[in-house]
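S.K.: Each chain, written out:
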Amino acid sequence: MLDTDTPRAGASPAARIPNPPVKRKGQGNMARRNLRNGLLFASPWIVGFVCFTLYPLVASMYYSLCAFSGLNHPVFIGLENYRQIISDELFTKSLGNTMYMVIVGLPLSLIAALALAMLLNQKVRGISVYRTIYYLPSLVPAVASAILWMWLLNPEIGLINRLLAPAFAAFHSAPPAWLGDPHWAKPALVMMGVWGAGGSVIIYLAGLQDVPTSLYEAADLDGATAWAKFRNVTVPMISPIIFFNLIMGIIGTFQYFTQAFVMTQGGPQDATMFYALRLFNSAFIDWKMGYASAMAWILFAITLVCTIVVMKTSGRWVYYGGGDE
Amino acid sequence: MLYNNTMPKRRKWFSLLAAGAVAFLLPGCGRQAKSGPTEIVYWTGWSGFELELQHKMVDEFNRTHPNIHVRILSVFNATGDNQKVHIAMAGGDTPDVCSAVWTNELAGYAMRGALSPLDDFLKASGRRPDEFVPGAWDMLQYHGHTWGLVGTLTANFIVYNKDSFEQKGLRPPTNLAEWEAVNTALTERTPGGSYKAYGMRPSSLMDWAYVFGGHWYEPKTGKVTATDPGNVRALKFLQDFAKKNDIRRMEVFESTFGSNQTPSGPFFTGKQSMQATGPWIEQFIERYAPKNFRYGWFPYPAPPDGRPLCTTLNSSCFVIPAASKHKKEAWTFLNWFLSPKQNEQFCLGIDNGSPLKAVAASPALQKDPLLKYSALIAGGKNAFGPPQMPIWPTYLAEIQRAEDKATHSGGDPYTLLLAVQKKVEKALRDAQREAVY
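Chains as they are written, first to last, in this note's numbering: chain B, 1045 to 1369; chain U, 63 to 499.
So that you can see chain B by itself, here it is in the shape it has in the complex:
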């Protein structure tokens, strides 16, 4: 095919001035064909997105305004579901339990993961073995680890209380009943979450290894203590990683479900009735899909607000080596 925009060899200087682009008949067709082909190749994703993400989102928004069991046609009831949710004592309780996990459990988990990552960043013999060992719990399926922890937390025969019993006996008291005690059930789940923080550890570890050693050397020359180096070099340099783990942790913790479903079913006395579990029960025990959809949208709004708040404050504490973005 001859390209008219390419200057021909031996042509005069005037002739070498490129002609203004002229749209030819075939070019328009080719652009359309390219667009069509592009869309066709992207169509599996487009179809998947429309059918399995966009449609359910829009539908659940509509259902949240309906009385709907899933079994027959939804009946439009306006904001009734939202009104009911707000006046439901279990909503408040489940949201409170979930917030406990976000405010208490998540920071503890992040701190433990960072501490572990720093330990695993040391140059000691066999460090890759330690790294593997500490990462292993993250590979255990959630249900399997839940069952394992049910045994560990057993008040009478569990390993944890067997270890704690002598210490408590010294004060003439007994170790906690963990999952059987409304005051200790959530801390038990937090403890279990810390144990499975291997995923965050790996991300922290990658971040820690990216901190330039020159900064530590400079700090050493200035006589900085280990704490000062951690506070003024390590934390700022890995702050984008902390930020990432925090955002993902907030989103994940608001959806806390599997462990409570398997281990406690929301008990004792609703102490582990988390928001997602309450939502599931509304949908599949009470058959109130509309109500559950409204709960899901409220959860989405809460998660969004929390994420935005954290993102807005991130400018003050997250340091990007390459600039503000």
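No wet-lab data here; the hints were simulated from the structure.
Covered stretches of chain U, going by a simulated chain B footprint (3 or more residues, C-beta under 8 Å): (1) 171–182; (2) 309–317; (3) 445–456; (4) 462–469; (5) 489–498.
For every residue, glycine included, the Cβ atom is placed at its ideal position computed from N, Cα and C.
Starting from the structure of chain B, add chain U where the hints point.
M.R.: Then chain U, alone, in the frame of chain B:
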């Protein structure tokens, strides 16, 4: 198609893509029309040896009914919930016949039009209500129609360890006061107060309410009766027991129990001397109990103003979903499976009582003392199935919550049940917005 070297590249890609899409989509295009027998899909909620027996029975049906082929699929769920069935019903892509529905859930599905009423099928096949034990028949009715059939019917009662009783010179109690004395005598605690062994912990307000003369719903008037005096008395009894026996320590002790249906179950290891259960326990005793394990049974102990020989009934139930594509064939299978001969085979095979009067009274079932006892109680006037109301699972969850609060945090039983009453009344009104029946 032969590969064409001269084919432009783009067309080759499209051909490959199209072929891939066809290969991917074709198998999902539903059941292929066949000239052979009509295939019906049967979902069951049973598992283990109970499922094995069903497989055998389905094979027998397929052998004896050349025009119908039943494909059985277990949708057993360890948590006891049947979410798969609910989702299938919601999506309108259901099996043709299904036994993974609890009688608890029946009215909810029926009210929303998810099931086929069986009245015409029953009439055409000459099946009559008086063939069935009254308690079994009543729990299948909603809004004047029959919505399912149960394959088994068992009463709950208390099974006790004879050796534990004899060691302490105890006899089976005949009323609530005697039971409390026996329970205290069977309890062993350490000097620190921890439990080493006990009789049993009474739980499940729903069941005990009937024992105390209460009830939860009036189907004729549609009235929720959570605050019935019998229910309040039952909750007070559970609350007093929890307080007197330090329920928290009792729960700590219970958390050491293995599952009831395993060799490490509390009843088999001697930690628990009494257990509220049904005749199916016999199967598990045979499999998992120590050798020479001796046991006996007695009904729920009633107070003087309560109901003697009282039990609640629940069972998984066979239904034909409204979306079934082969209702007639589904009924043929269901009618066969629940015919006296097959029902006897099924009930004996899994040590469950029968909902059919003839089978319950048959020599084969009557010679098994536990099944005989179960049939006696289940066929009595104090046997109560789930109320015929569309939100019974929600109601049950609220009853459980009230019990939990009363036994752990205290609170006035009447006030707690009044809160249940109000909540359930509202939930019932809300649910009825969707009523088809």
